[in-house]
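Student: Spelled out from the first residue to the last, the chains are:
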Amino acid sequence: MSERKKTTIVLFSGDYDKAMAAYIIANGAAAYDHEVTIFHTFWGLNALRKDSDIHVKKGFLEKMFGKMMPKGADRMGLSKMNFGGAGKKMIQHVIKKHNAMPLPDLIDMAQEQDVKLVACTMTMDLLGLQKEELLDQIEYAGVAAYLGDAEEGNVNLFI
Amino acid sequence: MSERKKTTIVLFSGDYDKAMAAYIIANGAAAYDHEVTIFHTFWGLNALRKDSDIHVKKGFLEKMFGKMMPKGADRMGLSKMNFGGAGKKMIQHVIKKHNAMPLPDLIDMAQEQDVKLVACTMTMDLLGLQKEELLDQIEYAGVAAYLGDAEEGNVNLFI
Amino acid sequence: MSERKKTTIVLFSGDYDKAMAAYIIANGAAAYDHEVTIFHTFWGLNALRKDSDIHVKKGFLEKMFGKMMPKGADRMGLSKMNFGGAGKKMIQHVIKKHNAMPLPDLIDMAQEQDVKLVACTMTMDLLGLQKEELLDQIEYAGVAAYLGDAEEGNVNLFI
Chain A
1 MSERKKTTIV LFSGDYDKAM AAYIIANGAA AYDHEVTIFH TFWGLNALRK DSDIHVKKGF
61 LEKMFGKMMP KGADRMGLSK MNFGGAGKKM IQHVIKKHNA MPLPDLIDMA QEQDVKLVAC
121 TMTMDLLGLQ KEELLDQIEY AGVAAYLGDA EEGNVNLFI
Chain B
1 MSERKKTTIV LFSGDYDKAM AAYIIANGAA AYDHEVTIFH TFWGLNALRK DSDIHVKKGF
61 LEKMFGKMMP KGADRMGLSK MNFGGAGKKM IQHVIKKHNA MPLPDLIDMA QEQDVKLVAC
121 TMTMDLLGLQ KEELLDQIEY AGVAAYLGDA EEGNVNLFI
Chain C
1 MSERKKTTIV LFSGDYDKAM AAYIIANGAA AYDHEVTIFH TFWGLNALRK DSDIHVKKGF
61 LEKMFGKMMP KGADRMGLSK MNFGGAGKKM IQHVIKKHNA MPLPDLIDMA QEQDVKLVAC
121 TMTMDLLGLQ KEELLDQIEY AGVAAYLGDA EEGNVNLFI
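Protein chains in written order, with this note's numbering: chain A, 1 to 159; chain B, 1 to 159; chain C, 1 to 159.
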């Protein structure tokens, strides 16, 4: 009985470069026929946000979080040398120059390769994010589901 | 012979949100009957500090580190949007509102569930932290003990 | 047939303290006869830079990245309490005082213990780093090689 290997990534970070690393590893593992899950929690949820304004009812604090956090992968900043967005622009420029894939394309590719994208429901509550604001065709789950995936694989990363 | 699964987390970060993620995963894994270890190193040691002033003899640099680092889990800041503590207050507020657990409660729960909390002795030396300053009923060990735990499990995270 | 255990670390971070943690774990695992790989990507590549000025032909953006990023392990800053380098100096001071090893020595030791040091070629391209600028006797590879190493081991960390 041959079983597919599992790769499970917790994406906690809301940084463009760290999310790139997560999605590059995920896409690579999917290409090697691993079963791959990215579990988005805390700031990592921002990678799953739609980049348009979605109108949903929210409390005051939730509205503030919603406004302050980047709307979608393309608006996230770098973990280092961001310089108010200038470093991020430089990276996007060299990505294009070297025919590498920017983050939104990496996410599209992951969805095409059936990487399971999961949004952590507990931290969605904390940050006041609602399903309408996140990408379509993702899953919703909590830490129990994450552990169920992780304990059967050996490439388990927290990014 | 059935053996318990092992989950081993290195908590390097001194951020409130990252430590929350570590303890939520640890408590979840303990609830699923994993043998769980959190190995606190570098800034992660601050999560184990008592929040009162403990008088111990220290050199000058060690005193400075002691003063500058947060005294205990409740005083740690966020990795993102901390805004001098305002973002942290917002998170604590929404945690309460959603009946989620703040970090100090997550740590208590971990101790009740027999999660093994370990302080890295080498980095305690570097940062000048002494046993009297840390929570009771934790263990003290080095990288060798960490590897002994980690190599037998497959959920191994560095947070 | 006894097989050596594998430890595989992705070093994404360009922080002195995080790189220290990565190399301490790597050296520990090598001492326990694990097969150890550190895969340096993004800012983690800076730990492999030579500390002298190497003259290579580069485009404008690549030159800028090259100038702004630290030249080698010894010039990297702390992830917390760096204070423009003052915190870093404090750490280096206490490392010396406690007879611990500074980062450049940890890297030398890793090379002596046959820890496989790999530079991620895709992010070298993005950041404009060339082989001449990196340490001798390291390997060059991409995400496929990383996954090949990682999927056979169980201590897999992203730092």
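If you're looking for bench data, these hints aren't it; they were derived computationally from the structure. Just so you know, these numbers come straight off a predicted model, no measurement behind them. Accuracy of the hints is not assured; some may be wrong.
Identical copies look the same in the list; a pair holds intra-copy or inter-copy alike.
Here are the simulated DSSO-like cross-link-like pairs (lysine-lysine), alpha carbons at most 30 Å apart as the crow flies [said to hold, decoys possible]: (1) K6 x K67; (2) K57 x K71; (3) K67 x K89; (4) K6 x K58; (5) K58 x K71; (6) K58 x K5.
Student: For each hint, tell me whether it holds in the structure or not.
Tutor: Structure-based check of all given hints:
| no. | hint | in the structure |
| --- | --- | --- |
| 1 | K6 x K67 | neither (36 Å within a copy, 40 Å between copies) |
| 2 | K57 x K71 | within (17 Å within a copy, 38 Å between copies) |
| 3 | K67 x K89 | both (21 Å within a copy, 17 Å between copies) |
| 4 | K6 x K58 | neither (37 Å within a copy, 40 Å between copies) |
| 5 | K58 x K71 | within (16 Å within a copy, 34 Å between copies) |
| 6 | K58 x K5 | neither (41 Å within a copy, 41 Å between copies) |
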